[in-house]
Amino acid sequence: MSKTKYILGLFADPDEMMHGIDKLQQNSIPIYDVYTPMPIHGIDHKLGLKDSRLGYAAFMFGCLGGSTIFSMAYYMLVRDWPMDIGGKPSFAIPDFVPITFEWTVLFTAFGMVATFFYATHLFPGRAPRVMELRATDDRFVIAIDAKGNVPHEDITKILKDAGAVEVKHNDRKYVSYE
Amino acid sequence: MKTLDSFDNHIEFKGPARTWSLIFIAIGVVGIAYGFLSGTNTERTFANLLLMGYYFTCVCICGIFFCAVQYVAQAGWSASVIRIPQAIARILPYAATILFIIICAGLFVTHTGVNEEGKKTVMPYLYKLWALDGVATKGTPNYDSVIAAKAGYLNIKFFLARIIFYLVSYSVLGWLLVKYSNNEDELGGMHNYNKSFKISVLFLLIFGFTVPLFAFDTIMSIDAHWFSTMFGWYNFAALWVSGLSTITLVIILLKQKGHLEWITTDHLHNFGQLIFGFSIFWTYLWFSQFLLTWYANLPEEAAYFYKRWEPEFKPWFWLNIVINFVTPLFVLMSRDSKRMMKVLKVVCIILICGHWLDYWQMIMPGAVGSQSDWFMEIGPIEISIFLGFVGLFIAAVLTSLSRFKSLAPVNHPFLQESLHHHI
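In order, the protein sequence lines correspond to chains A and B.
Using the numbering used here, the first residue of the first sequence is number 1298, and each one after it goes up by one.
Using the numbering used here, the first residue of the second sequence is number 50, and each one after it goes up by one.
Errors might be hidden in some of the hints.
[Said to hold, decoys possible] Some chain A residues well away from chain B (every beta-carbon gap over 12 Å; in silico):
| no. | residue |
| --- | --- |
| 1 | D1310 |
| 2 | Y1332 |
| 3 | L1361 |
| 4 | G1383 |
| 5 | K1385 |
| 6 | Y1415 |
| 7 | K1444 |
| 8 | H1449 |
| 9 | I1455 |
[What the hints assert, rightly or not] Below, in silico cross-link-like pairs of lysine to any residue (SDA-like), each with a Cα-Cα straight-line distance of 25 Å or less:
| no. | chain 1 | residue 1 | chain 2 | residue 2 |
| --- | --- | --- | --- | --- |
| 10 | B | K363 | A | K1347 |
| 11 | B | K247 | B | N460 |
| 12 | B | K394 | A | G1352 |
| 13 | B | K363 | A | D1392 |
| 14 | B | K391 | B | L378 |
| 15 | A | K1302 | A | H1466 |
| 16 | A | K1444 | A | F1420 |
| 17 | A | K1385 | B | W358 |
| 18 | A | K1300 | A | L1321 |
| 19 | A | K1347 | B | V79 |
| 20 | B | K356 | A | H1466 |
| 21 | B | K391 | A | G1352 |
| 22 | A | K1385 | B | S386 |
| 23 | B | K363 | A | F1388 |
| 24 | A | K1347 | B | D315 |
| 25 | A | K1347 | B | W358 |
| 26 | B | K356 | A | K1347 |
| 27 | A | K1347 | B | V380 |
| 28 | B | K356 | A | G1352 |
| 29 | A | K1347 | B | K187 |
| 30 | A | K1347 | B | S386 |
| 31 | A | K1343 | B | G125 |
[Said to hold, decoys possible] Ranges between beta-carbon positions, derived for each pair:
| no. | chain 1 | residue 1 | chain 2 | residue 2 | range |
| --- | --- | --- | --- | --- | --- |
| 32 | A | A1411 | B | S421 | 43 to 49 Å |
| 33 | B | A122 | A | K1470 | 39 to 45 Å |
| 34 | A | S1349 | B | F276 | 43 to 49 Å |
| 35 | B | G257 | A | I1337 | 52 to 58 Å |
| 36 | B | N232 | A | A1411 | 49 to 55 Å |
I should point out that these hints are in silico values taken from the structure, not numbers from a laboratory.
All figures in this text were calculated on a predicted structure; none of them were measured in a lab.
Glycine included, each C-beta is placed from N, C-alpha and C at the ideal position.
Please model the entire structure based on the sequences and the hints provided.
As structure tokens, then:
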């Protein structure tokens, strides 16, 4: 039993990597994930990834921000300490609109960043988990879960044939822990 | 993806579209005739003609603006759809002529009416606050000190000169853009694209400075005692949203008839995004104008909204913000609805009607005043003249489209990028 956990195919060119994905899919080898230094058009569709649900999170954070500030302004300006400003009613809804808008945007923006950090395990001060360091530089990496997959030499061969410049058999999932 | 080589898709103006446009034009003519002949509705008919003349012109200007923005941004996605805004841009001279005739008729056809102070006087049917004889001459019965202070800018000669300048300059630049694009089809190469780029820059420069003035002159001067510096950009936002909705609707209708097969869901998604974003922008400007006036509550500023808060106008005033803000906000927010052609089609129709209501409530309270009840405000005259101009628009756009040899600019440098557009 080999100790290999993940097989990584490193490509120097995005088109060759896309070709590699095709080859693996033709051989029914499940792909764990793909890491690229830049966005590749159409790759989500090719890998069959579901649409991002970040939009739903954004919408919920927006609703939270809007309702938070609206109730806060209502409490301060209407219930706790009503003031006569230019003869306007205390509960002057048009005046509440700008701040409600601002807080909706603020909560949406921060909430999306927080959600993204949570989903990708990125936190300030923590070294990010990376399967291949050069995936952030000049290599396009296809990761394949080695466990239960067809003979590893076959996968290596498929990747090499598709144009991989290097194929790695890693015993650990991530190369960078803290 | 299938690669298209042939764009020989040609549109003829015939069949049901022709029948319907002629029916609509006939309804419009009957409406105008009824309005003028029924005695008491002449002023209202003039106001409606101004409304639709302005709306029609704005949509055509938006066709040029759309093309110009795409050229200046060197946008790739829009290359294969650019024939539709070009077709709309090409009918601007006709729309502008109609608007100019309406404005002149409104200015120079006079009647004896009652002015704001309750005195009987001879006044024109449009712009009755400032286009009077002796309005700026002290001692005459029509003298109005507010108008007199503005008379250096707001007098009939300079007013007409400005209107001619705006409309002619927009029309010429729009005509040049279409001409260069047609030359590009014949000759190929980058020469015509570069010329289009320069003309677009020039157009945006002129348009950016003059479109607020165009709105000030044609619409805001109806309420000449009042002014708002937001008004120009507020009208620009309405122009852009209604124009985008019209372009999208034309594309969808043509697609449903089997034309423009190269335009995909992704192109429509982009249009949906633009409509969504600029509806929010429109609301932002609408609200900025409203909030500051409401908050400061200065009599000369509040007069405008005071009229629109009369019981005859208030339901329409609020309906305006519901249609033009809440509908696109909730319907177009999700990605999927922007990609569904039928949903987008319904939203476009709603927004086209919504911005008619928007223009309507800018014009009517000042130009006509209130009717007996709020539901009497929009009657057969409004609807028939709107339909008449819809018919005119259909006829003009389809005739204009049928003059193009192909419905895609075959030698446009970004055409392939547009055909493979994917988001």
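> Does the structure keep K1302/A and H1466/A at a Cα separation of 25 Å or less?
Replying inline: holds, 7 Å
> Can we confirm that no CB of chain B comes within 12 Å of the CB of K1444/A?
Replying inline: holds, 35 Å
>> Check the hint pairing K394/B with G1352/A against an upper bound of 25 Å on the C-alpha distance.
In response: Within the cut-off at roughly 24 Å; holds.
>> Run the distance test for K1347/A versus K187/B: straight-line Cα separation, threshold 25 Å.
In response: The given pair, whose Cα atoms are some 74 Å apart, is violated under the 25 Å limit.
> Can we confirm that no CB of chain B comes within 12 Å of the CB of L1361/A?
Replying inline: holds, 16 Å
> If you draw a straight line from the CA of K391/B to the CA of L378/B, is it 25 Å or shorter?
Replying inline: Holds - the C-alpha atoms of L378/B and K391/B are around 17 Å apart, at most 25 Å.
>> Holds or violated: the 49 to 55 Å window for the beta-carbon distance between N232/B and A1411/A?
In response: With a Cβ separation near 54 Å, N232/B and A1411/A satisfy 49 to 55 Å, so the hint holds.
> Taking 39 to 45 Å as the hint, is the beta-carbon distance of A122/B and K1470/A inside that range?
Replying inline: This hint holds: roughly 44 Å between Cβ atoms.
> Taking 25 Å as the top limit, are the C-alpha atoms of K1347/A and D315/B close enough?
Replying inline: Holds. K1347/A to D315/B sits at ~18 Å (cutoff 25 Å).
>> Does S386/B sit within 25 Å of K1385/A, going by the straight-line distance between their CA atoms?
In response: violated, 40 Å
>> Given a hint of 43 to 49 Å, does the C-beta separation of A1411/A and S421/B actually sit inside it?
In response: Once the Cβ atoms are compared, 57 Å apart, the range 43 to 49 Å for S421/B and A1411/A is violated.
> Taking 25 Å as the top limit, are the C-alpha atoms of K363/B and F1388/A close enough?
Replying inline: holds, 21 Å
Hint violations for this structure: numbers 4, 5, 10, 16, 19, 20, 22, 25, 26, 28, 29, 32 and 35, all remaining hints satisfied.
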